[in-house]
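Peer 1: Read off the chains here:
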Amino acid sequence: SQQGEEDPQALSIQEGENATMNCSYKTSINNLQWYRQNSGRGLVHLILIRSNEREKHSGRLRVTLDTSKKSSSLLITASRAADTASYFCATDSGQTGGFKTIFGAGTRLFVKA
Amino acid sequence: EAGVVQSPRYKIIEKKQPVAFWCNPISGHNTLYWYRQNLGQGPELLIRYENEEAVDDSQLPKDRFSAERLKGVDSTLKIQPAELGDSAVYLCASSPRRQGVFTGELFFGEGSRLTVL
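Residue numbers (this note's numbering), protein chains in the order written: chain D, 1 to 113; chain P, 1 to 117.
Bound-form chain D, shown alone (with noise of 0.2 Å):
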């Protein structure tokens, strides 16, 4: 089952503009991460952001997240055609008394030269 669900699906843009995905998810959550997966590779760890913050940064990337909402969202700023690549945000639930990291089905940004 996946928990989150990306928002748009494909995404295309000109090299040098911002991309933003969003992602929804359903339950309660502690932490909300992004991964990027280029072809064929595995997954790399972008950011985290926990449950109780708003909003992180790192680099040109930058998130944020609404509990109420049950939403976050993933923004590239200033964005490079090596940011192309699929996307995915996956929740935290804890409900184990550890991390059960669920993915969302992705996004997938072609960002043109």
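Simulated from the structure, these hints should not be mistaken for laboratory data. Watch out, some of these pointers could steer you wrong.
Examples of chain D residues toward chain P, derived with CB under 7 Å [claimed, not checked]:
#	residue
1	Q9
2	L43
3	F103
All residues carry an ideal CB built from backbone N, CA and C; glycine is no exception.
With chain D held as given, fit chain P onto it using these hints.
Peer 2: Relative to the frame of chain D, chain P by itself:
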């Protein structure tokens, strides 16, 4: 620091054949995960280990899938017999604790792509 190592990277088998995947997590990472990723989808959790104990295997199809993590380090995931619908990428990930606390950050291997003919 070496990353999560998985093998084989690619495997093509005929249906009803057995197949096994191996994972070596990052040294010191107590938590190990196996995920399955179908084309165009996000990873789906199959099993999670804390050291050598499988603490969440609720999504593992136990009739044909098995996994083990002997000595709490390396892990193997086996499918026997494989079916056409098992074609997917099998991803292994590990996660560290920092000062005894789960970080929640997963480190993934490159995956093992299985094609069942």
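Peer 1: Hints first: check each against the structure and report whether it holds.
Peer 2: Checked hints:
For Q9/D, the interface hint is violated, since its Cβ never comes within 7 Å of a Cβ in chain P; the closest pair sits about 9 Å apart. With a least beta-carbon distance of about 4 Å to chain P, the hint placing L43/D at the interface is held under the 7 Å criterion. Because the closest C-beta pair between F103/D and chain P is about 4 Å apart, less than 7 Å, the hint holds.
Checked against the numbered hints above, the structure violates only hint 1.
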